[in-house]
Amino acid sequence: MTWAHVDELECIELPDGFVWRPIRRHFDIRAFGVNAYTALGAGSPLVETHTENQLGHEEIYFVLRGRALFTIDGNEHELAAGQLVFVRDPSLQRGAVAVDEDTVVLALGGKPGQPHEVSAWEAMFAAVPAANREEWDEAIRIHDEALVERPEHPALLYNLACMEARGGRHLDALLHLQRAVALESKWAEYARRDSDFAAIRGEPGFP
Amino acid sequence: MNDPGYEILSLDDLDRLRSTDGTLLLRPLRRRLGFQPFGVNAWEGEQPGDQVIEPHREASGTEELYVVVRGAARFTLGDESFDAPTGTLVHAPPNTFRSATTLSAGTIVLALGAQAGEAFAPSGWEDFYVAFALLRAGDVHGARATVQEALAREPDAWQGQYNAACFEALAGETDAALHYLRRAVALNPKVIEYAADDDDLSLLREDSRYAQLAQ
Numbered sequence: 001m002t003w004a005h006v007d008e009l010e011c012i013e014l015p016d017g018f019v020w021r022p023i024r025r026h027f028d029i030r031a032f033g034v035n036a037y038t039a040l041g042a043g044s045p046l047v048e049t050h051t052e053n054q055l056g057h058e059e060i061y062f063v064l065r066g067r068a069l070f071t072i073d074g075n076e077h078e079l080a081a082g083q084l085v086f087v088r089d090p091s092l093q094r095g096a097v098a099v100d101e102d103t104v105v106l107a108l109g110g111k112p113g114q115p116h117e118v119s120a121w122e123a124m125f126a127a128v129p130a131a132n133r134e135e136w137d138e139a140i141r142i143h144d145e146a147l148v149e150r151p152e153h154p155a156l157l158y159n160l161a162c163m164e165a166r167g168g169r170h171l172d173a174l175l176h177l178q179r180a181v182a183l184e185s186k187w188a189e190y191a192r193r194d195s196d197f198a199a200i201r202g203e204p205g206f207p
Numbered sequence: 208m209n210d211p212g213y214e215i216l217s218l219d220d221l222d223r224l225r226s227t228d229g230t231l232l233l234r235p236l237r238r239r240l241g242f243q244p245f246g247v248n249a250w251e252g253e254q255p256g257d258q259v260i261e262p263h264r265e266a267s268g269t270e271e272l273y274v275v276v277r278g279a280a281r282f283t284l285g286d287e288s289f290d291a292p293t294g295t296l297v298h299a300p301p302n303t304f305r306s307a308t309t310l311s312a313g314t315i316v317l318a319l320g321a322q323a324g325e326a327f328a329p330s331g332w333e334d335f336y337v338a339f340a341l342l343r344a345g346d347v348h349g350a351r352a353t354v355q356e357a358l359a360r361e362p363d364a365w366q367g368q369y370n371a372a373c374f375e376a377l378a379g380e381t382d383a384a385l386h387y388l389r390r391a392v393a394l395n396p397k398v399i400e401y402a403a404d405d406d407d408l409s410l411l412r413e414d415s416r417y418a419q420l421a422q
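In order, the protein sequence lines correspond to chains A and B. Counting with the numbering used here, you get residues 1 to 207 for the letters of the first sequence. Counting with the numbering used here, you get residues 208 to 422 for the letters of the second sequence.
Bound-form chain A, shown alone (with noise of 0.2 Å):
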């Protein structure tokens, strides 16, 4: 379908409590990125507390429904149906929670000057609800997806070697995993503490 209601995409409840509404995703658009967040529940988290500052992004956060308290750079502000934040300075802490049960907010994002790349965080998202039924074969099946077009993306494999590592494909998780520590150190710290690996932390070459 090439039209659909907000209300009508998948209902992506993430583990923060807030939950993703994938219209990119749905639609396959690959030419800029606009997604949509809505609650739990009045009071519960909306837009995630983060900076932009890995993807440079520029963000416009538009209240489609309802009313969202976001918090920018330290200060509140509530916005109404109608209003928006445009954040262009992509170092600030953003976030937002609902006012209204129903509260529905747009998010529209990209780097200025260059062609617009699919996050890699989409997928990893899109992947929650297969791994929450510990369905891990639709789990991987999302990240090897998105692998095609971000073979080298370390979160991505790192995220890959997590839900092999639970699906018991133990040697393609120690790989991906390897592979990803290889591209950013960072990840082998995260993957000795990280209850995910519990079953192959004892095998040789684990990091």
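To be clear, the hints were calculated from the coordinates, so they are not data collected in a lab. Every residue, glycine too, gets a C-beta built ideally from N, C-alpha and C. Relax, there's no trap hidden among the hints.
Lysine to aspartate or glutamate pairs mimicking DMTMM-like chemistry, simulated, CA-CA at most 20 Å apart:
#1 A:K111 / A:D28
#2 B:K397 / B:E361
#3 B:K397 / B:D407
#4 A:K111 / B:E325
#5 A:K111 / A:E149
#6 A:K111 / B:E214
A few chain A residues that face chain B, going by a derived Cβ cut-off under 7 Å, partial list only:
#7 T2
#8 H5
#9 A31
#10 I72
#11 H77
#12 G82
#13 Q83
#14 L84
#15 V85
#16 R88
#17 D89
#18 P112
#19 G113
Position chain B against the provided structure of chain A, taking the given hints into account.
Here is chain B on its own, set in the frame of chain A:
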């Protein structure tokens, strides 16, 4: 005052600018914010039946997403038509025909767009849309400054030079209009064929220098 690095805005804070033919009403969001990653603008339909999205295709390869953020609209996408209440998302791949009319008063549709695989550069149409609206409102100085911004950003685009010629002709500045028309023709000789039927340029067609240009 220091730039805080972010800005809060309501759609209702934006200018409301009519298109030259009067059929469309734009709230120029991207330009107002200076948002750079891709195109985003708000189109309004004041009354039921008003055109809120112009019937068109994006031949340039632009992929678009329309979001009904207030009211409701009747969309046509390809050969299908459907009602789109607030919260509806409509994805229009390049070259797909799209159009929408308003179903309830005060409907607003956000239009997001860019070309996949290309870095976004603001298109001159935004500047010229604003410039012509300012000119009609009597703000010639503001309008001309907007034209100059567009020309400075894309000095070698024939479209910008041609639009500048139209602008100056409508502003009654024959010499300036001819100057820009000459530059447009130098960049794309077919421009003179477009100029022959363009009402905006009627002033020039009475001038002997236009006849020389057309030869």
